[in-house]
Amino acid sequence: MSVTSWVNETVVRDPTERRIFTILGIVTALLVVGVLTGVIGIRFLLFQVSLVGMYALLSLGLNVQWGYAGLINFSVAAFWGLGAYSAALLTAPNSPLGLDLHPAFGFLAAIVVSALVAILIGIPTLRLREDYLAIASLGLAEVIRVIILNERQWTAGSSGISGIPSLLEWLPLTSAATTASVVVVLGIVVFLFLRRVHRSPWGRVLRTIRSDEDLAKALGKNTYQFKMQAFVVGSVIMGIAGAFYAHLNLYIDPSDLVPLTTFYIWIAVILGGTGSNRGAVVGAAVVIAIREGTRFLNDVPAINTLGLDLAPLRLLFVGILIILIMRFRQDGLLPPKDELIWPAAKDKTTAAGGGGSGGPNAQAEGGDD
Amino acid sequence: MIPLQISPFQYVVNGVVFSSIIVLAAIGLSLVYSIADFANFAHGDLMTVGAFSALFSVSFLQPLLGDVGVFGLPLWFFLALAFGMLSAAVIAVITDRIIYEPVKDSGSIGLLITSIGVALVYRAMVFLSFGSESDRYGVTRQGPIPWVRETFGIAVTPRNLVVVFLATVLVVALHLTLTRTTLGRKMRATADNADLARVSGIRTSEVILAMWLIGGALAAAGGVFLGLEELVRPRMGFDILLIVFAAVILGGIGSVYGAMLGGLVIGMVHELVPLFNQWGILPVGSRYAAAVAFVIMVVILLIRPSGIVGESG
Numbered sequence: 001m002s003v004t005s006w007v008n009e010t011v012v013r014d015p016t017e018r019r020i021f022t023i024l025g026i027v028t029a030l031l032v033v034g035v036l037t038g039v040i041g042i043r044f045l046l047f048q049v050s051l052v053g054m055y056a057l058l059s060l061g062l063n064v065q066w067g068y069a070g071l072i073n074f075s076v077a078a079f080w081g082l083g084a085y086s087a088a089l090l091t092a093p094n095s096p097l098g099l100d101l102h103p104a105f106g107f108l109a110a111i112v113v114s115a116l117v118a119i120l121i122g123i124p125t126l127r128l129r130e131d132y133l134a135i136a137s138l139g140l141a142e143v144i145r146v147i148i149l150n151e152r153q154w155t156a157g158s159s160g161i162s163g164i165p166s167l168l169e170w171l172p173l174t175s176a177a178t179t180a181s182v183v184v185v186l187g188i189v190v191f192l193f194l195r196r197v198h199r200s201p202w203g204r205v206l207r208t209i210r211s212d213e214d215l216a217k218a219l220g221k222n223t224y225q226f227k228m229q230a231f232v233v234g235s236v237i238m239g240i241a242g243a244f245y246a247h248l249n250l251y252i253d254p255s256d257l258v259p260l261t262t263f264y265i266w267i268a269v270i271l272g273g274t275g276s277n278r279g280a281v282v283g284a285a286v287v288i289a290i291r292e293g294t295r296f297l298n299d300v301p302a303i304n305t306l307g308l309d310l311a312p313l314r315l316l317f318v319g320i321l322i323i324l325i326m327r328f329r330q331d332g333l334l335p336p337k338d339e340l341i342w343p344a345a346k347d348k349t350t351a352a353g354g355g356g357s358g359g360p361n362a363q364a365e366g367g368d369d
Numbered sequence: 001m002i003p004l005q006i007s008p009f010q011y012v013v014n015g016v017v018f019s020s021i022i023v024l025a026a027i028g029l030s031l032v033y034s035i036a037d038f039a040n041f042a043h044g045d046l047m048t049v050g051a052f053s054a055l056f057s058v059s060f061l062q063p064l065l066g067d068v069g070v071f072g073l074p075l076w077f078f079l080a081l082a083f084g085m086l087s088a089a090v091i092a093v094i095t096d097r098i099i100y101e102p103v104k105d106s107g108s109i110g111l112l113i114t115s116i117g118v119a120l121v122y123r124a125m126v127f128l129s130f131g132s133e134s135d136r137y138g139v140t141r142q143g144p145i146p147w148v149r150e151t152f153g154i155a156v157t158p159r160n161l162v163v164v165f166l167a168t169v170l171v172v173a174l175h176l177t178l179t180r181t182t183l184g185r186k187m188r189a190t191a192d193n194a195d196l197a198r199v200s201g202i203r204t205s206e207v208i209l210a211m212w213l214i215g216g217a218l219a220a221a222g223g224v225f226l227g228l229e230e231l232v233r234p235r236m237g238f239d240i241l242l243i244v245f246a247a248v249i250l251g252g253i254g255s256v257y258g259a260m261l262g263g264l265v266i267g268m269v270h271e272l273v274p275l276f277n278q279w280g281i282l283p284v285g286s287r288y289a290a291a292v293a294f295v296i297m298v299v300i301l302l303i304r305p306s307g308i309v310g311e312s313g
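Listed in order, the protein sequences are those of chains A and B.
Taking the UniProt record's numbering, the leading residue of the first sequence gets 1, the next gets one more, and so forth.
Taking the UniProt record's numbering, the leading residue of the second sequence gets 1, the next gets one more, and so forth.
Hint data in this document are derived by calculation from the structure and do not stem from the laboratory.
Values in this document were obtained by computation on a predicted structure and should not be read as measured data.
Just so you know, even glycine gets a beta-carbon here, dropped at the ideal spot from N, CA and C.
Incorrect hints may have been included.
Computed footprint of chain A on chain B, listed as stretches where at least three residues anywhere in the stretch have a Cβ under 8 Å from a Cβ of chain A [to be verified]:
1) 17–30
2) 90–104
3) 123–130
4) 245–256
5) 280–292
6) 300–306
Among the chain A residues that face chain B by a calculated CB cut under 10 Å, a handful are [to be verified]:
7) Leu116
8) Val117
9) Ile121
10) Asp131
11) Gly203
12) Ile270
13) Leu316
I would like the entire structure built from these sequences, with the hints used as guidance.
Printed below as a string of structure tokens:
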């Protein structure tokens, strides 16, 4: 299989997508050139890569809930915070718990805690109309934030936890490179896992629930259980992203647990294309570009002299972006297409139907899973 | 302002005042929920917009009217309240026309997500026009009414009375509108079954216009009262939104009278949390008041998802 046909088959499927990936390619090339010429520090770039990876994990997690099963989770920041605090409390030597454990325990605790909280919030809300979950999850997020802020004896409150150890210090790489590789590996593993389950019967039931829950029920599916599973899987991925963030930033405080963080991830998912894993990753990169890009505006003298405060401008921008996506491009940049179809099944229809659907995927060789 | 030995009735007084604010906010949220059929996450920030519009109007109303007072509050405050209500109503209608109306086809979930964007835009606008600092209306602080304090040992300020009185007037006016006028009957019919209402010849666009006007005005009144009792802050509406949602769910989504009752209960519980804590019923203090309201909401969802007033099932 040649490289171009593989790219055409797995990544790029139509002119719009080709344009989007061309832009992404150009941006990547510019960043590489920037590093080579010394304009962009390599440490800075690796930190951004880690951030994008973490946002991609969060978006992938939300995509399981909202994209696959249609669950409105407004507590992304809370699950992320639970993960981050689980990791920080168990591993940092100067955390209030003072356990000083290996980071592996932090990740394990992040998974267990986020799964338990997801089940707790899912029990009362997942049987009801989908907007109940929206309200309850936003409430849950606030409760978790208030608890972390107030229970100083457990969480150190607003002063936060510092001295969180870096990951895999024995690797012969700089710490920035290590964390970036860790998140890239994590991201790839989660991505492949999700792609596999999305195509599985489980994923098909979830998609049925999203488009018509009554239909899924009529087919004899226990939709409550499926929704619960999707909710827990997504929340655990968010918890893992949080644990990773604790080891990336080496410091954590409750100020990032605000709802705005949640809405950033929502933008990443709906901008990328609801239900599309590739979209979630691309959306995460775009959101980080927006967040970090507007930070640079602080250094532009023209804006400084105008005396503009950038935080509300960013808020305005985020709000307008949500409204515009919902109005003009609800499918997002990379809406899910035939990647949901099992490759072998695609081959059979092509062979039988004589390539009726056309396009580059008609010549798909498939079998790359 | 509050005496050292706080009487239990003091918490009840605080509860009544806070409930009035929550009820006003909950009615608007519930109207939108039943007629436009979506959870409007921008409702809290609409309260903020109303409160800040009133604050803006103070700057020209106060010099104009001077210190003429009614009911223990300056006249300009009442005009500022009216100004805030009018602005929020107009802004709510404009928002519906240019933002919600075009995305109506994407259903209640699409509208819900859009309303998050609207909430952020409202808040950003408030930040950009008024800065991020807290502010006051500049109504001279008055102590509690002396004779109430001496006889009952509780502090009731004139502004407490004004807030509760005006909230009651607004709620009664709404009740009369819903039950005695053609518009009210149309609104109730649309809330019950929009399609049926439309085939019966009700112009639903008219109903939706009325809904946004009423909901926006009441939200602004709630916001102004909250600003009067506490501070006018850019995050005030969003911070209170969760409690308002808890009230709406408690009362049964879509039922305006349920929202009133839910608002009363949730507002009261919110203010009674420190008292329950004192009595040893609750292990947490006032910092967790909102969390307690939230837990009540979750419990209601578990045992009676249709709310205390809504039909079961």
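Right, here's what the structure says about each hint:
Coverage of the segment 17–30 of chain B by chain A is violated [criterion: at least 3 residues with CB-CB distance below 8 Å; count 0]. Counting residues of the segment 90–104 of chain B whose beta carbon lies closer than 8 Å to any beta carbon of chain A gives 3, which reaches the threshold of three, so the coverage claim holds. Check result for the segment 123–130 of chain B against chain A: holds, 5 residues qualifying (beta carbon to beta carbon below 8 Å, three or more required). Only when three residues or more bring their CB closer than 8 Å to a CB of chain A does the claim for the segment 245–256 of chain B stand; here the count is 3, and the claim holds.
Residues of the segment 280–292 of chain B lying with their CB closer than 8 Å to a CB of chain A number 4, which satisfies the three-residue condition for coverage. Counting residues of the segment 300–306 of chain B whose C-beta sits closer than 8 Å to any C-beta of chain A gives 3, which meets the bar of three, so the coverage hint holds. Restraint check, Leu116(A) versus chain B: the minimum CB separation of about 15 Å is more than 10 Å; hint violated. Nearest Cβ of chain B to the Cβ of Val117(A): about 13 Å, over the 10 Å cut. The hint is violated.
The beta carbon of Ile121(A) comes within 8 Å of a beta carbon in chain B, closer than 10 Å, and the hint placing it at the interface holds. For Asp131(A), the interface hint holds, since its Cβ comes within 10 Å of a Cβ in chain B; the closest pair sits about 5 Å apart. For the restraint placing Gly203(A) at the interface with chain B, the shortest Cβ-Cβ distance is roughly 20 Å, beyond the 10 Å limit, so the hint is violated. The closest approach between the C-beta of Ile270(A) and any C-beta of chain B is roughly 7 Å, which is under the 10 Å cut-off, so the hint is satisfied.
At about 4 Å, the closest approach between the beta carbon of Leu316(A) and any beta carbon in chain B falls short of 10 Å, and the interface hint on this residue holds.
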